[in-house]
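J.: One letter stands for each residue in the lines below.
There are 2 protein chains.
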Amino acid sequence: MTAPNTAVVDMAALFDRARRASRGLARADRNSALLAIADAVLANQETILTANRQDVDTETAKGTPQALIDRLSLSPKRLEGMAEGVRQLATLPDPLHRVLDGMMLENGLAVRQVTVPFGVIGMIYESRPNVTVDAATLALKAGSAAVLRGSANALNSNRVLVQVMREAINAYVPADAVQLVDSTDRKYVTELLEARGKVDLVIPRGGASLINHVVDNAKVPVIETGTGNCHVFVDSSADVKRAQSIIVNAKVQRPGVCNAAETLLVHQDVAEQFLPHALQALADEGVTLRGCERTQKIVDVEPANESDWETEYLDYTLAVKVVDSLEDAIDHINDYGTQHSESIVTESIANARKFQDEVDAAAVYVNASTRFTDGFVFGFGAEIGISTQKLHARGPMGLAQIVTYKYLIDGDGQIRE
Amino acid sequence: MTAPNTAVVDMAALFDRARRASRGLARADRNSALLAIADAVLANQETILTANRQDVDTETAKGTPQALIDRLSLSPKRLEGMAEGVRQLATLPDPLHRVLDGMMLENGLAVRQVTVPFGVIGMIYESRPNVTVDAATLALKAGSAAVLRGSANALNSNRVLVQVMREAINAYVPADAVQLVDSTDRKYVTELLEARGKVDLVIPRGGASLINHVVDNAKVPVIETGTGNCHVFVDSSADVKRAQSIIVNAKVQRPGVCNAAETLLVHQDVAEQFLPHALQALADEGVTLRGCERTQKIVDVEPANESDWETEYLDYTLAVKVVDSLEDAIDHINDYGTQHSESIVTESIANARKFQDEVDAAAVYVNASTRFTDGFVFGFGAEIGISTQKLHARGPMGLAQIVTYKYLIDGDGQIRE
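Line by line, the protein sequences give chains E and C. Taking the working numbering, the leading residue of the first sequence gets 7, the next gets one more, and so forth. Taking the working numbering, the leading residue of the second sequence gets 7, the next gets one more, and so forth.
Bound-form chain E, shown alone (with noise of 0.2 Å):
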């Protein structure tokens, strides 16, 4: 049975009690908060996958992908996987109470800048139910409470999450400081992408009509995550082996993440020898190759269009471009990328150094795949999304960046000439 989801939410009420709850969050015992979670996932394993079977026999009945089954199934395996990531995020340092910066002023007075909480942070996501308890955690771990809402298919796994999470916080913070948008009803969304002055931050996670509705419609500040449409680019002086290994591991390491190549991009010196030995190792791993005209005459591949520079894939499909100079290349990425991660493969000091400068990306290497950009790679601990806009935060979001700052300034009567 599904869960009704014409609930009425009164999200003023839940936003207040969010803000109450949020207020002592920096100086409470998050920690041991974090370990009753994790202690709370295990001891109710029946109960969530219980609730979780209801959502994927739903899904099951209505013919939804096997794909998309995968994504939202738990099970104790799973879960002892989120309940040891709750652990290990105990053990990091915690983001708050840093002092970044600080001086005396001529006058005296001496400033601070110290990391605090946002307050209340909203996240926005979709179908993957150990979303609902990572978010929650970070936020959590962060000094914030969290405000969640988990798509429609994943309600009665997210419901019964939430509710064993709130119980096993209670003894060191307030239930309140997580909360779910216990409704399907879009119109809740819109509340608190409205929500100027009870939300700080939203941070929508899932594809690209989800990122593209929240930024489109947020009147509170957000971080746009997760679309990543990559390229490798193999300049002239690659070295052949080592690009067709780098290609190959960006495309087929895990085609459905968002730091996964969509797109290679070969100088044309280059790719008479390149492009038949690596486009026969990536058929050879199941992946379907769309050329551009110089391509197909080279190889055999399914021709290339327009919207296949622009596609983020997320499958073993990959597109694959001649260019004719570095700087085609660097304008190909600037146009059709979407800033997340791009490659070089290149024995040019030089060139690599232009790629760098020029690329404008969160992350730009050079001789290496792209699929290291990554909060857990990055040695961060913990990851709350891959941030593809400049504002804040770029690249992976870790704990250090699920934060802000106030000034403290201490004086002893200063008042402006």
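No lab work stands behind these hints, which were simulated from the structure alone. Computed from a prediction, not measured in an experiment: that's the story for all the values here. Any given hint could be a false lead.
Identical chains blur together in the list; that is why a pair holds if it fits in one copy or across any two.
As the list claims (entries may be wrong) - Below are the BS3-like pairs computed for lysine-lysine, each with C-alpha atoms no more than 25 Å apart in a straight line:
{"hint": "1", "residue 1": "K204", "residue 2": "K193"}
{"hint": "2", "residue 1": "K204", "residue 2": "K360"}
{"hint": "3", "residue 1": "K225", "residue 2": "K193"}
Fit chain C to the supplied structure of chain E, relying on the hints for placement.
T.: Using the frame of chain E, we list chain C on its own:
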């Protein structure tokens, strides 16, 4: 004669020119371009003042209040001040190319987090033509192209200032790094606010209605600036002489700016001792007082109502409220403030700490005037505004806040396992 305000502007072409112009700015001789602007503002003094006189005459004929005319008016002295400000900007350290962080991952990837320009920054502002030069030169120093949209009543001034700047910089950077939206048609504001992917950041500067319009309608990232409903709270343990000097300074030293105080909160235990003298001192400075019922019982003031607690007067008016406790003061500030600058006057270390902990604002003062929240005072050397949001930058925004970063990752063939 007023300029025609129905000119057709091809915004898409304008954005493209700005993007192209922005590409080389990080490595261009931006400081020479700034010095050329300073020289050109003085060399073209007559042309600029003539254009400004048209704007001033038009507004005078319309019966515009003198205070607004003053803000619109340029003079040889003001132009000298503008030129001097630009020269100082040229001497500041480059905010670009700074390595903020860096590490070697276990797999040998060398990661650097390096400051880079936003790219194209839009500025929407009111009245004062000096903002045209401020905004363009700050953006230029930070390596970004500026798209400027000033107010209708300064269009002649802005047009000439932009023309002077474009000619001045052309020897060092593309003239299109500084562009004016040469129309007062508001549809171009909408196009600017919706230019996702074309404009990387919009910063509004002006009154609350301008800021609200921008925040409510923007699809590009925005930094909310400048509205300041700031408070001074006189705690029960306050040194009352110090408290009086601070509230007088915070209110009257420059009432029309965002970090001026708008409401005085007084602990009930000290109200009878403090208010008569302090309010007399404020009245002597020409301040009109609006008090809560308890204030009215102590001194003869106009009654304050709910809207007074919400109002940023920007004038010689002050709301006054007696509160029961420190907690009530903090609640009042968090309910009505705009998260700009807040001050407590106290001798209690515990109360000072609690106030700084719990007041949610960009700058939280102990025993000092709110008037110090300012990029120049903080030693930033320049300022593009005071952020009242929590995303990206909070409080005074200097050059370090007008840049973003990217990760540069150098490998030798790394692929993800």
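J.: A separate judgement is required for each hint: does it hold in the structure or not?
T.: Tested hints:
For a Cα distance limit of 25 Å, the shortest separation of K204 from K193 inside one copy, 17 Å, qualifies, whereas the shortest one across copies, 29 Å, does not. Only between protomers do K204 and K360 lie at most 25 Å apart by alpha-carbon distance; the minimum there is 22 Å, versus 44 Å within a single protomer. Both within a single protomer and between protomers do K225 and K193 lie at most 25 Å apart by alpha-carbon distance, with minima of 15 Å and 19 Å respectively.
In summary, this structure violates none of the numbered hints.
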